Amino acid sequence: MSIPDKVKEFFNSLEIKEDGSLIYDDERLVFTPTVLLSVALMAVPLEKFGGVIQTVYRRGFARYGRALAESREKLGAKGVVEYFLNLLSIMGSGRAELVDFSESRVSFRMYSSLYGEDVGNYLKAKGLEPRPVCPYGYVVEGILNYFAEKEGKPSTFTSEETKCIANGDEFCEFIIKQT
Numbered sequence: 052m053s054i055p056d057k058v059k060e061f062f063n064s065l066e067i068k069e070d071g072s073l074i075y076d077d078e079r080l081v082f083t084p085t086v087l088l089s090v091a092l093m094a095v096p097l098e099k100f101g102g103v104i105q106t107v108y109r110r111g112f113a114r115y116g117r118a119l120a121e122s123r124e125k126l127g128a129k130g131v132v133e134y135f136l137n138l139l140s141i142m143g144s145g146r147a148e149l150v151d152f153s154e155s156r157v158s159f160r161m162y163s164s165l166y167g168e169d170v171g172n173y174l175k176a177k178g179l180e181p182r183p184v185c186p187y188g189y190v191v192e193g194i195l196n197y198f199a200e201k202e203g204k205p206s207t208f209t210s211e212e213t214k215c216i217a218n219g220d221e222f223c224e225f226i227i228k229q230t
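The sequence shown begins at 52 in the numbering used here and counts up one residue at a time.
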């Protein structure tokens, strides 16, 4: 399906409620400038709490990945990962691309990640050390661990963001591998 077709499909699937809220796939959408979300979600907590906040985010985003996998289980592991990456793309987080998918390793990239740009700009403006900041890999980690457990295998997938726009890289790159 081409990008214009995906955009049409997205707009056709929007439901407008009497209260004016927008619903997509039974989820309420909120439109806000990305910098507000990015700064509130990651930049300020990173500044105040340092790397310890990453543990909290990993756990929370991985739980979201598990919930997404459970609700879309019929798609299989690769299908749920592709579904999540499509959601990121059509909701404006940036263009997501699945690069590699195997039993023990998954990698994907985010191009023009508004989240990476916003947090990177915030860190730079505050004189803080640039670092990988995007949590998307943790969601995929949760998806893969959910399916591993369903198959009776150990849930040992971990995510690493090897490149990040917040560091000045051209794109954000995530590698999720079995350890």
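Please keep in mind that the hints were generated in silico from the structure rather than gathered at the bench.
As the structure is a computational prediction, the values presented were derived from the model and not from experiment.
Do not rely on the hints blindly, as some may be mistaken.
Unchecked claim - Pairs of lysine to aspartate or glutamate residues, derived as EDC-like cross-links and limited to a Cα-Cα distance of at most 20 Å, are as follows: (1) LYS214 - GLU180; (2) LYS175 - GLU221; (3) LYS214 - GLU224.
Cross-check of the supplied hints:
no.	hint	verdict
1	LYS214 - GLU180	holds (15 Å)
2	LYS175 - GLU221	holds (17 Å)
3	LYS214 - GLU224	holds (5 Å)
Consistency note: the structure conflicts with none of the earlier hints.
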